[in-house]
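As you go down the protein sequences, you meet chains P and Y in turn.
Position one of the first sequence corresponds to residue 13 (the numbering used here), numbered consecutively onward.
Position one of the second sequence corresponds to residue 13 (the numbering used here), numbered consecutively onward.
Be careful, since some hints might not be right.
[Said to hold, decoys possible] Partial pick of chain P residues on the chain Y-facing surface, computed with a CB cut under 8 Å:
{"hint": "1", "residue": "S29"}
{"hint": "2", "residue": "P32"}
{"hint": "3", "residue": "I33"}
{"hint": "4", "residue": "I103"}
{"hint": "5", "residue": "D106"}
{"hint": "6", "residue": "Q108"}
{"hint": "7", "residue": "V128"}
{"hint": "8", "residue": "T129"}
{"hint": "9", "residue": "E142"}
Keep in mind the hints are simulated off the structure, nothing from the lab.
This structure is a prediction, so every number in the text was calculated from the model and none was measured.
Beta carbons: idealized from backbone N, C-alpha and C, even for Gly.
If you want the building blocks of each chain, they are given just below.
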Amino acid sequence: MAAAGVPVSAFVTVTSSNDPIDLEFPVVAKLCGDTIAHKSERGLVRLNINSAEDLTTAVDDLLAAATPDDGDVSVLVSTMIEGRRELIAGITTDPQFGATLMLGFGGILAEAVADVTFRLAPVTAIDAEEMIDELSSQKLLGAFRGEPAVDRAQLVSLLVGLSELAVERQDIVSIDLNPLIIAEGKPIAVDALVELGATNA
Amino acid sequence: MLDLRPLFEPNGVIVAGASTHPGKFGFVSLHNILRCGFAGQVFALARDEGEILGVQVLDSPEKIPHGAAELLFICTPTAVNEQLLRDCAARGVKAAFCAAGGYSEAGPEGIEAEQRLVAVAEELGMVLAGPNGQGITSPPANLCAQITAPYPPAGSIAIASQSGNFVSSFNNYAANAGIGVSRSVSAGNAASTGVIDYLEWFTEDDATSVSLIYVEGIEDGRDFYERIKPLARKKPIVVLKGGATAGGQQAAASHTGALASDDAVFDGMARQAGIVRASTVEEAFEAAATFATQPLPTGRNTAVLTTAGGWGVVTADALTTAKNLDLAELPSDLMAALDEKLPPRWSKGNPIDLAGGETRDTIPEVMELVAQHESIDAVVYLGVGIQSNQASLMKSGQFYPDHGLERIVDFHERQDARYAVAAAELSESTGKPILTATELAVAQPDNPGVVATREAGRLCYPTSNRAVTALDHLAWYAEFRRRRTTGS
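Excised from the complex, chain Y in its bound form:
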């Protein structure tokens, strides 16, 4: 395993090719490192001395104190980079991220330059990431060494991607959802360090609880499979695979060969290795965010708590179709307990229609009864925020705060926050996943129910179908691991 600590937790960073032009990589990367509050020392290297963003520009690596910076961020042209690696290694640099292009993506000369760069890094024992990549983020280390913007809050999702743009997408989703990231890296041309190398390090990284990767081509599939298999059993890995519908079917004499599209074989490999495969970008992010924030279910039985009938019906449909989940049947003792807490017209089954639970103020108690029952493995909770949604209309209108509106608005907002907190706390105390879904997550992101869900560290799912899809991935992974640890 490569030691990638100097890449993700360096004591200091050198930006080579620092520029005064705010549109150039050598400015943007320096800006992003400083802007996001990296606490270690930051050095800027360029041909001419001067000052950029308050940083003294040095014209030679020799002027950098030995051991002051473990990471080198390269924005200089190919011709100077081999010597740059040697000079910086002499100053104690242990890892380099090469953002500069002009390598294997640029034709035969670039391929040769890339091979030379890799050879020099190997000779020096230096980690080489990229070239032609966007950079890394490492929020727990307050590090944003990249030529693109999105800098997510600190969390436990680690991202590695063969496409830099997907690193940005995942980081943007993370920032938007409030579910943070431990590390992110764009593998670029992956000349020396590939997605599988990052995964190996993420699996041992204490800041990371789940890895999220984007891959298109895999050069040595067998090697990838053999290396990823032990990793997936330790920490969940979510994969988004590009090129799923591309041809790739072999001209084959056999039926088996004719049916073995690249995608079908990749899919089988993923299932065999224990990798969670998502089919869309948001599904991939939400699966990873769910692994990062919810406990794994120990079974398939899922209860739906809803404040309105239709939502519950559609969610029940989704659970019935989900391959790894079942709509739980409510045992008689739970039914009897719920009778005590809900008005007589409640649904008397799963989905549990809470109709009127608001006025009797029993929603947290009902949630507790359901989540704590041994027959229930997971809960999907719908309807948080609808009281605050009404409150918002009242608050913004001409009648507020008179006619008792101020009081009711306060009440509604307090209640929604209470429900959201109850869902998160019960999930912790029972060790069962409780997923909260409402379209208000996107329609009204400042709704107190949505905000409280996020402040409790949970993802607020924009639809119940997306919550069920994420939960289905957790259930599949949990079952995969269970079968292989108990042998049953």
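Only chain P is shown next, with the shape it has when bound in the complex:
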């Protein structure tokens, strides 16, 4: 993701609470595995962990929560990114149009609110700017409750990078960057769900 121009939060992946973790608190911990899609719905995300002791407990609990269906699992620990606003960006493979890029307002209400817009991958910077302009909740993109306006240039390069990734990697069926937290105006991906398959062409 980082290589495609998507800013991501600092993270380490561990399979035991004894593994070394060198991150500043607060952190978040999530159970990850190839077959785990919607983590929050299953209670597999722990937020706002502020001490080594709490982190050990969280990692142990999450590993214990894995079911046999989950296959190989690990815990992803990352710096906790704080921001009031959450976007969603993603890739999906449309049966008619192929690799398709989405931008919208994200987080747990993403599907209910459905303030989203699509383009076919790859997109130009102008296409990406127009996607941002098209979202209905424009006020949420400006300066908001003490937080600066969303850095549009950075969001544009994220969208362009993500769409190019979908074109280069034909085995990507879908990607969800949800949420894409707006921290100090910068969009930062704190979770990514990547679905791989034979081809998206």
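Given the coordinates of chain P, work out where chain Y should sit on it, guided by the hints.
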């Protein structure tokens, strides 16, 4: 790109399957071609010789002089059509419109027959339109080769549709609005020639300034997108998409997939390609008619000229909600100039309430001041025809022509026509869109204000909201092109 000139501008036409029965395709198509005044030679082919509508019926293509007809209009059954194509190709036919059905819409045997027909046309290098389509119109060539009626006046809107009925709808709107058509075609089963093929030709066609299409399904979406993208940048394309609310959401593991309904993806594709998407039939026609008759705005700032307060308020609301337009703020020099021309009680802002402008007879001058000002990109003009509306009631009553009524009726009617002409002329001289809206466009279509607007080649919009919607589409398209040509 397919060369569709022989389809839309043939030197002559052959109707195969010509019939003496006035209810059959083979009669109706021949009738429509003759009735609408096609100037080229018209031939009729049938099993038995004879005469239909004054045309000598021939029993074999061999009897047609070589090169006399480039277009074949097919109303014969599937079984004979492959041989018909071969025989007609030998007589110099270059394009065929197959109105006959019984092809892929009719089951497995029809699918096979359609594949064979396409293969024969390809082998002969012949353009094949249809099958199972209503036909074409090409008013600049005086050609109405179709099995349905509506034949619009000549103009510059080109229509291609996956549904023949929508060709008829658009043609009827065009005839009613007086905004003409360059070409129209019902793609039928689109076995060999699809909407995108027609669009490619329309974009290069000098008679066409805007294309209007209706699509439901698109088989290869990527190919459609890649081909339509360069076209939309050259000439505007308006699309009406059927099946917008049909399901189509994938069972998806991702949020992105779950949100990617067919409609949302089509919508994004249209915006990315620069295609203007309309949500209703009349919106689609009016957008196309506006592209065909108004210059593109170079900005968002729109002024409203109105002869009555309420109309202006509602139009201002519509402009405020429109995504690509703004209600212009009037600069002080324009305000001062308007003060000179309007009574002291004028609105002193946008919407510009002309109240009393009629009696001072300054409406054309006010319109000129506004349209020529550099801060204004477009104008919506409301209220044309109200004087003539009163005149009409006077004219039809028992007091006419006495009591001075004859004189005032003449005055009212002359004034409305003058305002309508001023709007069209100012739009030409300033290069800015000026849209005229009044419910009289439908309530009293023979109103001199409405008639003069149409005679000046402009659409008279039935509501200001519809004028704003059409103008919004122009503004979006203009901005789309501007961003991509200047890079800013």
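Now for the hints, and whether the structure bears them out:
For S29 (chain P), the interface hint is violated, the least distance from its beta-carbon to any beta-carbon of chain Y being 29 Å, above 8 Å. The criterion of a C-beta within 8 Å of any C-beta in chain Y is not met by P32 (chain P), whose closest approach is roughly 32 Å, and the hint is violated. At a threshold of 8 Å, the smallest CB-CB gap from I33 (chain P) to chain Y is about 29 Å, leaving the interface hint violated. Interface hint status for I103 (chain P): upheld, as the beta-carbon distance to the closest one in chain Y is roughly 6 Å, under 8 Å.
About 5 Å separates the beta-carbon of D106 (chain P) from the nearest beta-carbon of chain Y, less than 8 Å, and the hint is met. With its C-beta approaching chain Y no nearer than about 3 Å, Q108 (chain P) sits inside the 8 Å limit, and its interface hint holds. This hint holds: V128 (chain P) has a C-beta 5 Å from the nearest C-beta of chain Y, less than the 8 Å allowed. Proximity of T129 (chain P) to chain Y holds as hinted, the smallest CB-CB distance being about 6 Å (cut-off 8 Å).
Given the 8 Å rule on beta carbons, the hint for E142 (chain P) holds: about 7 Å separates it from the nearest Cβ of chain Y.
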